[in-house]
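Each of the two chains sits in its own frame; use the hints to bring them together as a complex.
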Amino acid sequence: MSLRILGMLAAGTLAALASSAAQAATEVDFWHAFSPDIKLGKVLTRYVEEFNASQDDYKVVLTYKGTYDDTVNATIAAYRAGKQPAIVQVQANAAPTLIFSSAIKPVDDVMAEAGIEVDWSRYLEPVMAMYRYKGKQMAMPFNTSTPLMWYNADAFQKAGIDKIPATWTELEAAARRLKAAGYPCPVTSAWQEWVLLKNYAFVQDLPLATEGNGMDGPDARLVFNHNGVVEQLARIGRWSKEGLFEYQGRQWTGAHQAFYAERCAVLLESSAGYGGISQNAKFKFGAAVLPVEEGTKTPRNTFIGGAGLFVMKGLDKAVYDGAAAFFKFLSAPELQFDWHRNSGYVPITVDAYELARKQGYYEKFPHQELAIKELLRQPSENTRGIRLGYLVQIDEILNEEMEKIWSQEKSAQQAADDMVRRADPLLARFAKTVAD
Amino acid sequence: MAIRGKDVVFKGRALPWLLLAPQLLVLAVFFFWPAGRGIVEAFFLSDPFLDRSIYVGLDNFRALFASPEYWDSVWLTLRFSAATTLLSMSVALALAVAADRVLRRSLLLRSLVIWPYAVAPAIAGMLWLFLFHPAFGVLALALRDLGVGWNPLLDGGDAMLLIVAAAAWKQVSYNFVFFLAGLQAIPASLIEAAAIDGAGPARRLRDLVLPLLGPTSFFLLVMNVIYAFFETFGIVDAITGGGPGGATRLLVYKVYKDGFQAQDLGSSAAQSIVLMVIVVALTILQFRFVEKRVSYA
Numbered sequence: 001m002s003l004r005i006l007g008m009l010a011a012g013t014l015a016a017l018a019s020s021a022a023q024a025a026t027e028v029d030f031w032h033a034f035s036p037d038i039k040l041g042k043v044l045t046r047y048v049e050e051f052n053a054s055q056d057d058y059k060v061v062l063t064y065k066g067t068y069d070d071t072v073n074a075t076i077a078a079y080r081a082g083k084q085p086a087i088v089q090v091q092a093n094a095a096p097t098l099i100f101s102s103a104i105k106p107v108d109d110v111m112a113e114a115g116i117e118v119d120w121s122r123y124l125e126p127v128m129a130m131y132r133y134k135g136k137q138m139a140m141p142f143n144t145s146t147p148l149m150w151y152n153a154d155a156f157q158k159a160g161i162d163k164i165p166a167t168w169t170e171l172e173a174a175a176r177r178l179k180a181a182g183y184p185c186p187v188t189s190a191w192q193e194w195v196l197l198k199n200y201a202f203v204q205d206l207p208l209a210t211e212g213n214g215m216d217g218p219d220a221r222l223v224f225n226h227n228g229v230v231e232q233l234a235r236i237g238r239w240s241k242e243g244l245f246e247y248q249g250r251q252w253t254g255a256h257q258a259f260y261a262e263r264c265a266v267l268l269e270s271s272a273g274y275g276g277i278s279q280n281a282k283f284k285f286g287a288a289v290l291p292v293e294e295g296t297k298t299p300r301n302t303f304i305g306g307a308g309l310f311v312m313k314g315l316d317k318a319v320y321d322g323a324a325a326f327f328k329f330l331s332a333p334e335l336q337f338d339w340h341r342n343s344g345y346v347p348i349t350v351d352a353y354e355l356a357r358k359q360g361y362y363e364k365f366p367h368q369e370l371a372i373k374e375l376l377r378q379p380s381e382n383t384r385g386i387r388l389g390y391l392v393q394i395d396e397i398l399n400e401e402m403e404k405i406w407s408q409e410k411s412a413q414q415a416a417d418d419m420v421r422r423a424d425p426l427l428a429r430f431a432k433t434v435a436d
Numbered sequence: 001m002a003i004r005g006k007d008v009v010f011k012g013r014a015l016p017w018l019l020l021a022p023q024l025l026v027l028a029v030f031f032f033w034p035a036g037r038g039i040v041e042a043f044f045l046s047d048p049f050l051d052r053s054i055y056v057g058l059d060n061f062r063a064l065f066a067s068p069e070y071w072d073s074v075w076l077t078l079r080f081s082a083a084t085t086l087l088s089m090s091v092a093l094a095l096a097v098a099a100d101r102v103l104r105r106s107l108l109l110r111s112l113v114i115w116p117y118a119v120a121p122a123i124a125g126m127l128w129l130f131l132f133h134p135a136f137g138v139l140a141l142a143l144r145d146l147g148v149g150w151n152p153l154l155d156g157g158d159a160m161l162l163i164v165a166a167a168a169w170k171q172v173s174y175n176f177v178f179f180l181a182g183l184q185a186i187p188a189s190l191i192e193a194a195a196i197d198g199a200g201p202a203r204r205l206r207d208l209v210l211p212l213l214g215p216t217s218f219f220l221l222v223m224n225v226i227y228a229f230f231e232t233f234g235i236v237d238a239i240t241g242g243g244p245g246g247a248t249r250l251l252v253y254k255v256y257k258d259g260f261q262a263q264d265l266g267s268s269a270a271q272s273i274v275l276m277v278i279v280v281a282l283t284i285l286q287f288r289f290v291e292k293r294v295s296y297a
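If you read the protein sequences in the order shown, they are chains A and R.
Note that the first sequence covers residues 1 to 436 in UniProt numbering.
Note that the second sequence covers residues 1 to 297 in UniProt numbering.
Next up, chain R with everything else stripped away, as it sits in the complex (with noise of 0.2 angstroms):
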């Protein structure tokens, strides 16, 4: 049989799927089934036993909609999600130029950068409740003896900066990570030559470095964004359980509390889809106007 070009067929349908089965599989069991499971949820009224569940259409989405906290909550997120992404993004890029120009070789301290990713954001949450909470923060008093009006127990906009700093703070070492290799892929004689045309350090990484770290930028914009939205129900149930008054009750904790706590599954499962829905939309968006300005060359 002659080979003509890229015309390369299998015959047979069996073996393609056979060997795609182990993964078709994992996925189906792990995510389609109960996706297809939270889908179904999300348009039932269900007692937590599943003794009996009533069909009631588009109900969990009208109440949702119909609630003035639930819009609260959506403006909130795409605040938290924003400042975390900028905040972790911006610091994790000054830690890797920082490192990249003086620790080239020092694996040890490169690493010791990494290890806030390792904790679980329970754990982190935790941690920077010990230092801030007012009646026991140890940073916390210090800046009551300083007279500094510290109180996120009461003022939503300080339980919201310390929510944000909480997310980026364990965020940062993942975008570092990438910054330093992205940093490390730019071939030392690019910027050797920029020097010698005369280029000062603030000028080349305006012009050479940030837009080689394009990709790099690019992908980490849109894994903060999931993580924003998705993995910081941890923190925030450690921190502030949503409040001040619901000064922090982000979308994902509310999906998290309502089934998990409260058994509204329905309600829960409405959220998941409206949280889902958010993040491909803000993910197209990504992809359609922030891509076309990255350069892959």
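With the rest of the complex left out, here is chain A (with noise of 0.2 angstroms):
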């Protein structure tokens, strides 16, 4: 091959090196489970957005797949068929699916070999805690959110309540006021075992699974039913008899609506619950954290809702690339208080935290701090998280013998056995197929 040919050869594969790189930034896609004709679709749009503008390396490309089941089964059926994306959105209760599978980058491996520098100490704790594993950042959490107690002011001010419950036995005293007062039903909550069950013992230091609530590894049994756990379950269960509380179905609609309607004067739920309650209610409302036992000297944090997002493995590592650097901006203090502000969620970092502080923002919406003081509570063994294999039937169950307790078909203690009884099991079978 003479010299002239071979220099128009390296002068071709140039050009079309580079004229590719100026057409086609890297993809990176990322599918999530946000309807687009939402405002949180349109505020994760809006970012993805600024991000493609901000730079001309990546292109973050969104794709919405429905709800989160759906969202995670297309991600398995396509890591299954070699075309998973980047970026994923996944729902607390399937993360240990995740987290304990061979499918995923870890986060930290993620940044690092991109050479991008986290400083994890910023980010929230127990919001991090969730998605550490064998001291490795598996996920990069994102929208998370905790639960609070919010209320009907009005009805508290009709039934003379001065006081905003702290404890569940104020709680109790204000519930029959409330009652007195007409309310059919005093109390109520959404997503039962995330608030109740699970939120009770963290609260209160209780533990819940082996393994550190099977933080440590897929090996755990639950414990529950030996602990403060079966107390509160049975005091719900005579509240319910007593018609202090009153059942509204497993997720959040029903006990939505039975609070807009003024049947129900306090609702324990999320603290993303706020933009329908503030859409919705007609009357003046409060919110303040989750009631304590009497006498609890160090309340510890509570337990986070929301999703986090994954890597998946097997991808080329500018994509890799293109990832870290979209976490990096969507950790940027600015943005986190956007998300704040613009979603309801909490901040993931310290720093945004304390921007939404300084510019004032919780002089004007004081809930939104309350979420954030829970989780910065001091944590212990028992508040790290929980990850468990086959959470999804574990959850069914406890929303299945919770019913039962509520409806007066079995004691709490009973329940409480049968939980663990059912779900040993699955925790077994799981851990099989879990690679060491």
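Derived from the structure by calculation, the hints contain no laboratory data.
It is possible that some hints are incorrect.
[Stated by the list, open to error] Taking beta-carbon pairs under 10 angstroms as the criterion, some of the chain R residues facing chain A (in silico): (1) A63; (2) P134; (3) V138; (4) D197; (5) R249.
Backbone N, C-alpha and C fix where the C-beta goes; we use that ideal spot for every residue, glycine too.
See below:
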């Protein structure tokens, strides 16, 4: 081959390389579960557009995949076919499946390989802990919420309640007054297993399962049928019998509707419920932190809900670098503050929290700070998170057995024993599917 | 070559296979392949990404049969299917008899009755929920004002009633079409002859119309049972989510929930096989015992 031809070839290749780099930035697929029709979806779209416009190397391609379940299922199918997205939004109850699998690339590795240093200590600890396994950050937290106690302030006034209940005993006394003032449903809760069971155990520092609630490994077993959780279940069961608590279904719709209709005066529900409540409540409402047990010296941090962003294995380095750059973009304090304001979710970094405080945001929206305060409490071994295999089925079991307590079909002890009896074989089966 | 009786035989093997190929291909790709995968999965414990699959023999089945909650699901599915089939077929028959007598020529009204069949199960569920949810259902709130204790969120019986009603409502129109066609296929002269012999409407229905509808009814029985077993998970998902306390946890809903939400593929596959065996057994029973009493004359 003559030098001239070689030179021509080289020039051609160079030109081709240059033009392809100019035309096509590396595409980073991001699958998520926020409908583009709702505010959350619109806000997310705006962030992606801003990121894409801010640089030329990467282009994040946002795809709405339906519900959280749809998104995970689509990701699993895509992974099996070798067509997985780079980033996928996964709800907390499906997170263990991904964390224990070998299908993801830990976010720590993604950031390190892209040469981006992250100071995880500037992130909210309970939020990060949820996605940390064997010392590694497995996912990037994204939309994070935690439950609060929402109340109808007009109803409190009508019932003559001056002090916002801070303990479960005080809440019971308030509930009796509300009942006497004509409220057929003094207290209700959305997402009962999350709020009344898991979060109760967190605040009271009670273990739910061995292995640090499964955070240290898949070989966990439930243990809460021998601790204070049973008394809590018995209490709500008794309230249900006396008409102080009215069950409105497993998710949030029923509880919200009953709260808006002023049938229920206290709604235990996610901090992210603010959007719906502020739009629909035709009365003065307020929020407070979740009640604690009488005499609790150090209430612990609450348990988070929401979703994190996972990075799938098996893609090119350039794609991972793009994902890393996007995560860095998402974590900026200004953006996190914007997300906090627009979504009702908590910011994931302390810097964003301080920025919001400095700008006086919480003077106008005090409830937004309550969730962060709950999360910033001193954590313990029992409150790092919950990571149980087949969690969807286990939550189903918890829901079923709780309903049997509310309907007085089972005693709290019997139901708690049955939760453990039914869930442990599932946990044992799941542990077998996890490679060491 | 002489053609003798029925002995017409194609020579060569290629042509028949070639003609069958498109159909077989469709069956293979969309039925045998996935169904075969499902059967294999039932004997494995896998992580959803299939990075790790362990052969566990019959463990998935053993775990099911050892769970009292699974047996609850079996019984309540049988009850649900019987109730749904009975309700949807009897309402459809009543409507068809009424329509046959009065609306013989009104295509419009007959078409209206068919509408619910076109509604997707999840949407049908939502419609019923908007009527009967204790917190915001229009009819549920009216019931509460009347002092009727209606609470499908905690009362398993109420919840079961609700999904039976929703599932049956959706199927009524399908049954109606077949019953109406069956009724209109009965020659008017036969009915007239019976009337001249002095048989009243009730008598004519019992001794003439119903026996003549036998084949239609049998077909609908088989179809409705299959519908109740396989196609109702959308309704359960929208209305009760299997609650309260598992009172409406139908087998097919559990297959869906465990497989597609909890990613417990092995158990979900084993459950599908159990469900299939139950339905095949029921269908065989129907053919052996019910069909014998059907006259196709």
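Results for each hint:
For R:A63, the suggested interface contact is upheld, since its CB lies about 6 angstroms from the closest CB of chain A, less than 10 angstroms. With a least beta-carbon distance of about 7 angstroms to chain A, the hint placing R:P134 at the interface is held under the 10 angstroms criterion. Interface restraint check for R:V138: the shortest CB-CB distance to chain A comes to about 12 angstroms, outside 10 angstroms, so the restraint is violated. With a cut of 10 angstroms, the hint placing R:D197 at the interface with chain A is violated, because the nearest CB-to-CB distance is about 58 angstroms.
Below 10 angstroms, beta-carbon pairs count as interface contacts, and R:R249 has one with chain A at about 8 angstroms; its hint therefore holds.
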